[in-house]
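Trainee: Produce the entire structure from the sequences given, and follow the hints as far as they go.
These protein sequences, in sequence, are chains Z and P. Quick note: the first sequence uses the numbering used here, first residue 27, plus one each step. Quick note: the second sequence uses the numbering used here, first residue 27, plus one each step.
What you were told as hints is all true, and nothing was included just to trick you.
Calculated lysine to aspartate or glutamate pairs in the EDC-like style (CA-CA distance at most 20 Å, straight line):
hint	chain 1	residue 1	chain 2	residue 2
1	Z	Lys-287	P	Glu-284
2	P	Lys-278	P	Glu-60
3	P	Lys-287	Z	Glu-284
Hint data in this document are derived by calculation from the structure and do not stem from the laboratory.
There are 2 protein chains.
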Amino acid sequence: MLTTLEPKQQQENLLKATKSVFRQMFDDTCQAIEQLDGTAFTEQPWTRENNTWVMGESKGDSIYIDRALLGGTVFEKIGVNYVAINGELPPGMTFQKAGALATDEADQIDSEKGTPFFATGTSFVIHPRNPMVPIVHCNYRYFQVGKISEPQYWWFGGGADLTPAYLFEEDAVHFHKAHKAVCDQYDVAYYPRFKKWCDDYFHISHRGESRGIGGIFFDQLNHLPAEQLLEFVTDCTKVFPQAYLPIVERCKDMSFTEENKQWQRIVRGRYVEFILTSDRGARFGLASGMVNHQSIFNCMPPAASWTYDDQPNLGSQEASLRAVLKQPREWV
Amino acid sequence: MLTTLEPKQQQENLLKATKSVFRQMFDDTCQAIEQLDGTAFTEQPWTRENNTWVMGESKGDSIYIDRALLGGTVFEKIGVNYVAINGELPPGMTFQKAGALATDEADQIDSEKGTPFFATGTSFVIHPRNPMVPIVHCNYRYFQVGKISEPQYWWFGGGADLTPAYLFEEDAVHFHKAHKAVCDQYDVAYYPRFKKWCDDYFHISHRGESRGIGGIFFDQLNHLPAEQLLEFVTDCTKVFPQAYLPIVERCKDMSFTEENKQWQRIVRGRYVEFILTSDRGARFGLASGMVNHQSIFNCMPPAASWTYDDQPNLGSQEASLRAVLKQPREWV
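Mentor: Below, the structure is given as structure tokens:
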């Protein structure tokens with residue numbers, strides 16, 4: 027059906043469908059989380075006025091909404107956002123310079139004038155209270171560069187990855203299996219490729235450690251028509267709560283000590299290190315000025331800790347986690 | 027006297043004297059801190075083997091010592107180090123690329139082959155327990171590039187700056203006055219220049235806020251013979267405990283609430299943001315691979331926190347601190 031439409035109309039439909047998929051994920055996943063926790067998210071919409079973000083509903087066609095859940099019964103802090111921005115990179119800034127992309131395909135447009143782009147996506151970072159429940163991050167996004175009706179370059183990106191403070195192998199297997207099942211429906215080459223991409227990307231290079239036990243990650247995905255990739259990404263957005271929430275249910279009432287809680291804070295400290303030194307989204311937001319910092323830091327943990335020597339005792343659960351982080355494993 | 031010596035001998039004497047000044051500061055200041063706290067530092071020497079740092083006394087001529095004070099009565103966490111490294115930047119890496127310098131004067135040597143350098147310095151980051159006592163950072167360093175006996179480029183850098191969670195103006199004035207007095211002995215232009223340099227450098231650009239209420243900072247200082255600048259830097263190292271410890275004595279027994287403590291964690295979160303996104307020393311260490319990450323992160327706070335909206339209530343002490351951070355003040 028779509029192919030019989032004018033290209034402009036086809037492009038308009040694609041953007042509408044893409045925004046709607048991410049909005050649906052934003053709403054459905056928040057609802058599932060609220061139900062599990064019994065605590066409501068607060069919502070903060072932002073609007074862009076004179077090149078700065080101010081609190082309030084957008085009057086234009088760019089939408090930026092943060093949601094935060096603080097001090098829940100199960101979740102200590104959750105940061106979520108949904109975005110559909112019609113914007114322009116500041117003159118001289120490029121996607122590569124801004125840290126949004128590893129390569130410069132998106133930067134062919136003369137950036138002296140300021141590069142027009144459209145971006146939509148949704149992002150979740152969940153910090154559970156119980157240290158036995160892993161942190162999770164999930165983000166799916168669509169970017170295009172150039173005129174909104176005739177982009178010169180576009181891509182999908184995103185993924186989901188798990189960061190346990192205490193590793194239960196069955197949870198790692200469940201999380202990976204759920205994502206592999208979605209990948210396999212589209213291309214059996216996807217999961218091995220996106221699993222490795224995730225291990226490579228969520229790597230804290232100065233520590234020589236992975237951030238967690240991975241999941242899937244991809245970026246600059248545009249090898250098929252956007253409509254086809256959107257179907258795949260849609261299924262990824264749907265599998266996320268199925269991949270994560272059962273783990274929460276299983277572990278949320280496990281007993282833990284203050285020592286376990288302190289170890290969770292150490293793990294969260296590593297998380298902070300990754301976000302501030304390596305995360306593409308955070309770097310893009312900070313460098314481009316296109317995202318307000320309150321939204322960027324919505325993903326930060328409620329409490330993180332550093333000590334001088336955080337090497338765990340030999341043979342401990344903490345040490346066996348560290349060993350896995352030094353050497354990513356195959357989970358399925 | 028010095029000028030009658032051979033240049034090589036003169037250079038040898040300079041390096042010996044410089045290392046000794048920083049070593050003296052390292053030892054004397056740690057001793058003063060231990061006396062105040064009643065808690066001893068632990069010491070960890072590092073040595074470089076096969077291009078990685080391993081724990082242990084150095085067998086070569088490069089010295090790297092960390093000291094940490096954890097869980098003291100007055101100080102919650104202190105990270106200190108002393109270094110005298112005879113090293114080589116990895117091929118292709120430059121001081122500018124590594125984030126160590128804003129300009130490329132030090133990078134004229136062919137970096138394809140790996141740039142030989144010598145660096146010595148000492149660094150203190152002190153996180154007090156009581157939120158009424160400010161965090162302090164102090165670092166003085168000497169760098170030179172090229173052959174150790176005939177450097178092609180050299181400079182002194184460093185400074186000291188105060189980061190209060192609660193601002194007592196008399197403490198800010200005391201800290202600045204002490205540093206101004208040293209500066210004025212050498213050049214009345216120093217303090218205004220180094221005070222502004224400090225405000226400009228310790229600025230968290232994504233927040234549009236200063237890290238704290240400043241102090242002094244300088245880098246690539248080489249406008250006078252090194253022997254003369256060393257005298258100035260020596261006096262800076264000596265004034266540091268006099269500038270800071272009386273503030274600790276005055277505030278360490280003030281009463282505080284859990285709300286004050288939580289605000290301190292928020293301020294420490296900003297501190298983490300600065301270190302990981304902007305700090306020259308941390309960036310150099312991470313990018314060059316010349317510093318092990320355990321030492322780099324010795325400066326990190328014992329507990330930091332982020333929340334969604336950390337805007338303090340109008341008219342509160344926290345709000346008046348934020349106002350000062352948005353608009354640096356003259357303190358003397």
